[in-house]
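Colleague: This is what each chain is made of:
Protein chains: 4
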Amino acid sequence: MPFSYGRTIRFAETDAAGVVYFANCLCLCHEAYEAALAEAGVNLKLFFSSGAIAVPIVHAEVDFYQPLFCGDRVEVGLTPQALDQSSFVVSYQIWRGDEGIERDRPLAQALTRHVCIDRTSRRRRPLTAELQQWLAQFSAAGRD
Amino acid sequence: MPFSYGRTIRFAETDAAGVVYFANCLCLCHEAYEAALAEAGVNLKLFFSSGAIAVPIVHAEVDFYQPLFCGDRVEVGLTPQALDQSSFVVSYQIWRGDEGIERDRPLAQALTRHVCIDRTSRRRRPLTAELQQWLAQFSAAGRD
Amino acid sequence: MPFSYGRTIRFAETDAAGVVYFANCLCLCHEAYEAALAEAGVNLKLFFSSGAIAVPIVHAEVDFYQPLFCGDRVEVGLTPQALDQSSFVVSYQIWRGDEGIERDRPLAQALTRHVCIDRTSRRRRPLTAELQQWLAQFSAAGRD
Amino acid sequence: MPFSYGRTIRFAETDAAGVVYFANCLCLCHEAYEAALAEAGVNLKLFFSSGAIAVPIVHAEVDFYQPLFCGDRVEVGLTPQALDQSSFVVSYQIWRGDEGIERDRPLAQALTRHVCIDRTSRRRRPLTAELQQWLAQFSAAGRD
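Chains as they are written, first to last, in my numbering: chain A, 1 to 144; chain B, 1 to 144; chain C, 1 to 144; chain D, 1 to 144.
Simulated from the structure, these hints should not be mistaken for laboratory data. No experiment lies behind these values; they were computed from the predicted model shown. Watch out, some of these pointers could steer you wrong.
Note: identical chains are not told apart, hence a pair may lie in one copy or across any two.
Distance condition first, Cα-Cα at most 20 Å in a straight line; then the derived SDA-like pairs of lysine to any residue [stated by the list, open to error]:
| hint | residue 1 | residue 2 |
| --- | --- | --- |
| 1 | 45 | 56 |
| 2 | 45 | 119 |
| 3 | 45 | 35 |
| 4 | 45 | 63 |
| 5 | 45 | 67 |
| 6 | 45 | 121 |
| 7 | 45 | 66 |
| 8 | 45 | 105 |
| 9 | 45 | 96 |
| 10 | 45 | 98 |
| 11 | 45 | 116 |
| 12 | 45 | 115 |
| 13 | 45 | 85 |
| 14 | 45 | 84 |
Work the whole structure out from these sequences, hints included.
Modeller: Here it is as structure tokens:
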């Protein structure tokens, strides 16, 4: 079961073509990631600040199927998955909010890959217990 | 009674000093303005697109009293007021979400002035009926 | 020969982890794309406004190898390539500015795929003469 | 003599009304401030990171006279002025780039007020020697 995050598209996210600027879709996905971490009890201020351990995004990709407009209600479905001891991937699907998340094809879908590193040496570190726990919620046994 | 809009501060809004980048406070205020218009039945996609009538911001100002951090829950209290036949001002107070909006001093406060114009000639036009109605909700008699 | 676009990383692009927020790397790449079009004589205001023909990005991806900091001078090397009659891909490499663009590995690399469509029907259209000409500058014979 | 900073308006700065999103004018002004500091030899990475001393913006305001479009070339004229031992104000005028900075009225003008503080206690601190030197360049005797 994916985590679901909903909100309304805002004017600041749009561009002169009248739709959401492409890179802002990735910001929306990251917001959903933050919301999912917060729901699991992660302290966002500490997690995303400049502490000893960092979990930077090393790869991101996004496909756009339909444009998003100011005022549109959207739902982001998010599913993270561990890749190895120090990294995980999060996949996102952006749906029109009033459609639910059962439709054939989302408005957009995206993916981010994250690696746990020591901020100073920038060497890989094992995923923190907090992240392992978060990832476990989404594995085989499912979330509840 | 001000309109109240709440949400969580996101990572994308912060800067390398560890707090919300100053100009992003104005984006947050504008979001509250969009939410207030939407609640009053305004179609945001049409209102903010490139139609015949535009309502650009001609002045904005903001005072910062306390820094905002990623993960902070904030509430924006918003009150619009007509200035004359073609313009209005919106004032905003940003409060820490868990404090309610009854405290002594907000984290920040801001103000935007908007003028209704013909998009082509850029000449002033009377406020649309939709905006007049919205403004009336906040006048003497109050909102309910 | 790729088109080269250089500038300094700005505070607004950074996040509370102290480095450029991941999605902002794609904005930087898009800036390079705009600069390349402008150099070829394309009117950016018309090209990116809401005219009859639009050239939206349908896919984007980015890999991050090294973090970017406020004040860093970067160079973006850009190479577009036609895919078929209605679409093209642009690849980007972000280099530290003082290294030139001859080094082993960039700080980041990205790719955007663009499709020419009719804005109303959202059906594919052949690439405009302007875009075909721009793409031709980068093909076999090379740019000079 | 103001410091002058020029660049081209980018697509990411625009909104669905077809012009630069209001708060992005303040980002442009801040960019000019960063460029002025860099020209005076300030290390931007250190200055804007989370060190012991911070120089946050405590007030900002902006007036818009003409809209800015994607592709527009603009020049920002910037003049800082010390207010007291721990604070200074920077004023900005945004001009159309091909007009020079001699015209009657800019496209927009803005102002930011900055206070030097201890990041931990958030108490006022005297302006650093680096900032005093920078401010002195713009005082009575003028810049050269």
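Colleague: Each of the hints needs a verdict: does it hold here or not?
Modeller: Now the hints, each set against the structure:
1. 45 / 56: both (15 Å within a copy, 19 Å between copies)
2. 45 / 119: This pair counts as both: shortest intra-copy Cα distance 16 Å, inter-copy 16 Å.
3. 45 / 35: For residue 45 and residue 35, the Cα distance is within 20 Å only inside one copy (12 Å; across copies 26 Å).
4. 45 / 63: neither (30 Å within a copy, 23 Å between copies)
5. 45 / 67: between (32 Å within a copy, 12 Å between copies)
6. 45 / 121: Classified as between: cross-chain Cα gap 18 Å, same-chain 22 Å, threshold 20 Å.
7. 45 / 66: between (33 Å within a copy, 15 Å between copies)
8. 45 / 105: Result: close neither inside a copy nor across copies, 34 Å intra and 23 Å inter.
9. 45 / 96: between (30 Å within a copy, 15 Å between copies)
10. 45 / 98: Intra 32 Å, inter 16 Å, cutoff 20 Å: inter-copy only.
11. 45 / 116: Within one copy only: 17 Å inside a chain, 23 Å across chains, cut-off 20 Å.
12. 45 / 115: Answer is within; shortest intra-copy Cα gap is 19 Å, inter-copy 24 Å.
13. 45 / 85: neither (24 Å within a copy, 32 Å between copies)
14. 45 / 84: Neither: 26 Å inside a copy, 33 Å across copies.
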